[in-house]
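Residue numbers (full-length UniProt numbering), protein chains in the order written: chain A, 1 to 302; chain B, 1 to 302; chain C, 1 to 302; chain D, 1 to 302.
Possibly wrong hints are sitting among the right ones.
What the hints assert, rightly or not - Distance condition first, Cα-Cα at most 25 Å in a straight line; then the derived DSS-like pairs of lysine-lysine:
hint	chain 1	residue 1	chain 2	residue 2
1	C	K269	A	K297
2	C	K269	B	K106
3	D	K106	A	K269
4	D	K163	A	K284
5	D	K269	C	K31
6	C	K297	B	K269
7	C	K297	A	K269
8	C	K106	A	K268
9	B	K268	B	K114
10	A	K297	C	K268
11	D	K284	A	K268
12	C	K269	B	K284
13	D	K284	D	K297
14	C	K284	B	K269
15	B	K78	B	K27
16	A	K106	D	K269
17	C	K163	C	K114
18	D	K297	A	K269
Stated by the list, open to error - Footprint (simulated), chain B over chain C, 3 or more residues, beta carbon under 8 Å:
hint	stretch
19	115-128
20	269-277
Hints were generated in silico from the structure; no laboratory data involved. Cβ atoms here follow ideal geometry from the backbone N, Cα and C, with glycine treated the same way.
4 protein chains.
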Amino acid sequence: MSTETEAKRKSVKQNKQLESRGRLLVKCPDKPGIVSVLSTFLYSHNSNIMESSQYSSNPENGTFFIRIEYHCDGLLAKSEQMEKDFEEIAANHSMEYEFAYPNERKRSAIFVSKEPHCLMELLWEWQNGDLDTNIVIVISNHEDARPFVEALGIPFHYIPANKDIRKQVEAEQIRLMAEYEVDLLILARYMQILTPDFVNHFESRIINIHHSFLPAFIGVGPYERAFERGVKLIGATSHYVTNNLDEGPIIEQDVERVDHRDDVIELKKIGRQIERRVLVRAVKWHLENRIIVECNKTILFH
Amino acid sequence: MSTETEAKRKSVKQNKQLESRGRLLVKCPDKPGIVSVLSTFLYSHNSNIMESSQYSSNPENGTFFIRIEYHCDGLLAKSEQMEKDFEEIAANHSMEYEFAYPNERKRSAIFVSKEPHCLMELLWEWQNGDLDTNIVIVISNHEDARPFVEALGIPFHYIPANKDIRKQVEAEQIRLMAEYEVDLLILARYMQILTPDFVNHFESRIINIHHSFLPAFIGVGPYERAFERGVKLIGATSHYVTNNLDEGPIIEQDVERVDHRDDVIELKKIGRQIERRVLVRAVKWHLENRIIVECNKTILFH
Amino acid sequence: MSTETEAKRKSVKQNKQLESRGRLLVKCPDKPGIVSVLSTFLYSHNSNIMESSQYSSNPENGTFFIRIEYHCDGLLAKSEQMEKDFEEIAANHSMEYEFAYPNERKRSAIFVSKEPHCLMELLWEWQNGDLDTNIVIVISNHEDARPFVEALGIPFHYIPANKDIRKQVEAEQIRLMAEYEVDLLILARYMQILTPDFVNHFESRIINIHHSFLPAFIGVGPYERAFERGVKLIGATSHYVTNNLDEGPIIEQDVERVDHRDDVIELKKIGRQIERRVLVRAVKWHLENRIIVECNKTILFH
Amino acid sequence: MSTETEAKRKSVKQNKQLESRGRLLVKCPDKPGIVSVLSTFLYSHNSNIMESSQYSSNPENGTFFIRIEYHCDGLLAKSEQMEKDFEEIAANHSMEYEFAYPNERKRSAIFVSKEPHCLMELLWEWQNGDLDTNIVIVISNHEDARPFVEALGIPFHYIPANKDIRKQVEAEQIRLMAEYEVDLLILARYMQILTPDFVNHFESRIINIHHSFLPAFIGVGPYERAFERGVKLIGATSHYVTNNLDEGPIIEQDVERVDHRDDVIELKKIGRQIERRVLVRAVKWHLENRIIVECNKTILFH
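The shape of chain A in the complex, shown without the other chains (with noise of 0.2 Å):
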């Protein structure tokens, strides 16, 4: 359970499983009949959907969003031509979309800093094969995590953090993220500052775990800011990282209970458990194309 080989081998069963599996996802102006077209289209090239959900931001003028989850025989052998088949429609309703197969793994990279919790979490729940994802590499600023990062076959890099050498570091670390191919871009609790530079490199593919319960206690020190209000519940907030600090759209949020007693010592132990459940979920949820960002808000289809 505690070796690469084992994830490998699971994911390799999951793999074979998923081989005929598609998802499709669409945003167009909403309009009568476009269900009819994307079912009659799936139809028609031999696929049963399995899961579909779908939103319309307003009943009149409004956009329509929808997700698709269909099964197809050889559907590797197919998807090539299918994509091109959509190319019509897409056009005639002025689509966009996009074509997701399980199978083709989501590479990640995870970013941390000292508290190793969400990354443990998240380590954890990939060596059970309940991440569908390849964690190609985990980046720090501290050496903490490295040995039971590398124990896992995953490459750990050290890379030192501060604000006067951030320019050096985030070209170091785009020039990785190339490298490595990374699709999504985890902070698991990574304390630095990202510029609009690096954060635009990567639209709505870094998530982030913000330690409060947003939009309250923004920016630093939430628990300490929890703790001097006098709150009773305190929270956690997985969101897409954009150029507004804490303001980008939000994936999931969850509480706990406290009170008086608890210190900032003890908020932030409860703390720890609630950012673990709910970064993983987000990264859950991105990873199987559940989520939709719409004006800085997310659309979620479970």
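Start from chain A and add chains B, C and D according to the hints.
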């Protein structure tokens, strides 16, 4: 807010919004193309799919379930023709189906014994315009609730009940259900056993609230037994009534935390809060045609 | 259940059980021996400690808080002497303290505007015998609630309110608070700003329900802003009113899950359920003398 | 973080803070004056009560339980005399009691079968300094967990187990428990039945995690049966092991929401999250002497 007139006024306004809304529920053998057939049918009848949820019991040779909510201008005038046109499709694909129109409000009866909290919550939600039904009659084996039921303009029928007179009591109840054309029968803490004969009259149309987290504490005295066992959470369960006591399809469950200091009286107090919300949720989902019963379970389309 | 008489009858029964119950709340500089002094005092007055909760703000040089609930046969006749005997102890240890007797029910006023759900929940709990207070007056800047308040035998005062007449409105309200000897003032969705002068009259005796998870969405339109921000949970907060808007000591908070489909109307609907239970809990704890306010936070002795 | 050395270093730091902390648990017939006797005793031994929780099973002729946490400079040197001095008080009031010193860490054994998630969570909390115990041995009937247990410097013993060799297996286990001087035995998804003889060796010292919301789904296959029944919440229960299967005193329970789409595999996945946190909470409370077992229930002093 506390008068029948206002509740009626609210419902009129809602009905107006709902006049162009239809719901279609379908159950059939699963195979590719069903969604295409249904969505193309709706599109050809100028209907726009607003909400759609589906479920397959099994990837292979399973049963397919779908609930579609659609918008169609002038639906009232067209629905008869639509339903007629649908017959051939249904026959071709061995569909069981139901067309429902939110403006045709279901007619509900509430049965209650001494404890009024579930009845009160239902009436409150109904007054508030949040329960899309006509409450046409309240039946009780106690007189307690009469004043505030009649104050809302709802007929209240007192029918004494005990084991010895069960047959004639149920005969009278069935007569009233017919007279008031009742679609849904809500047992809001009605503490009498119903005979199989009665239950068969209203298959999948009687919703009960059981004051435990089923299948724990089936039968009488669940709070007493929860206290005896020393559980740390208590719950409530809403379910359709079948002829196996407390074994019917579960619709909704919820729990609250308790501790060793809570005696039976306190458990009941906490439990009332759970019962209220669990019953109301179940009733709402039933009224919105969000529940399909299959093999003693419920499929819930949120 | 729905009449004043029954509510009174219940309260009489409760009073009888409560006649021998006393509560003692103490705040003093922390040092060894305080519990010994207090428990020995109570024992010497034939009182049995039934419940005791304490808290030290700091292990060293901190402040000590304790709430003791004790049983004493014939307490009513003895309490005066007990309180007199306690004076020397209190002086020796620099104690601030309060003796409270559950049978001396606090007198509550409820302020409400148009939305009745919090008022209704309070009245419901009160009718049910679960709110240990006398509701002596309801004040509103709308007439809506009059019928069902007066039906319960509670005086209802309509006082129109707006910015221009605030001074005279508050003068009238203060007069009524004095006339009805009000101990606790509950703002059950009263949508008017109170002046510092008014608030100072009732320090730590005004409980408000704010319809957000504070400190998120301070001020107006919290549900609108929660919708704008795309949060995944909404909440409500009950707190004592101070002269910093929505910044008073928090008593209780709770949340519910929402999603992208929930528009502002739906958020308000879900929010009403949270507001109802969060306000009722806060009021109950206040009535049971379970809350101590310290440095803009609450210590809650459950 | 991942090495034994660091965990030890953390525990040393903690021990230092804890050296002056004592805990006293008392059970005796309820009568006025008990708190006075205990607090005066502690005060006379220069101890300051930091935390105190009590419970009476019954207002009249009940049993009184109290847990006191106190601070005493130089406690280690004084504790023997204190305990000696306490004997007379205990005798006078028919007290059962226990003095506990947090710096004397309890010694824990973990039993595990194939599923490692509960073991992992315990080890994680322990590494993090959040589990105040020495994990002295892990015993399993499978080899899977050996690498990561031994990597933490904890002895791992593989003992194959099945019905036929139960006697000799348990003999070996009892021998190891004695050799390692084990205080607490944690069944972290150990899927073997223990004989009455074994259980009697460790009364109120074996904590099990059962993968259902007891008393629902006692025995084998709870997730399979939860799926069959169509429940809308699944749970887990930690409890002390007695000789009635799954009937021991419940320590903690928690639940998560599930729906009709969750098959047994998904239920197990969700359930693992619940099991992890429910077991860890129970173990923590036990280690902090917060649990008193009385009449097959637990009194929990938080």
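Cross-check of the supplied hints:
1. K269/C to K297/A: Holds, at about 21 Å.
2. K269/C to K106/B: holds, 22 Å
3. K106/D to K269/A: holds, 22 Å
4. K163/D to K284/A: Not OK: K163/D and K284/A at ~40 Å, beyond 25 Å, violated.
5. K269/D to K31/C: With Cα atoms ~50 Å apart, K269/D and K31/C exceed 25 Å; violated.
6. K297/C to K269/B: Roughly 28 Å between the alpha carbons, so the hint for K297/C and K269/B is violated.
7. K297/C to K269/A: holds, 21 Å
8. K106/C to K268/A: It is violated: about 39 Å lies between the C-alpha atoms, which goes past 25 Å.
9. K268/B to K114/B: holds, 14 Å
10. K297/A to K268/C: Distance ~19 Å between K297/A and K268/C Cα, so the pair holds.
11. K284/D to K268/A: holds, 17 Å
12. K269/C to K284/B: holds, 13 Å
13. K284/D to K297/D: holds, 18 Å
14. K284/C to K269/B: holds, 13 Å
15. K78/B to K27/B: Roughly 23 Å separates the two Cα atoms, so the pair holds.
16. K106/A to K269/D: holds, 22 Å
17. K163/C to K114/C: Holds: K163/C and K114/C sit about 17 Å apart, inside 25 Å.
18. K297/D to K269/A: Between K297/D and K269/A the Cα gap is close to 28 Å, so the pair fails against 25 Å, i.e. violated.
19. 115-128: Since 5 is at least three, the answer is holds.
20. 269-277: holds (count 3)
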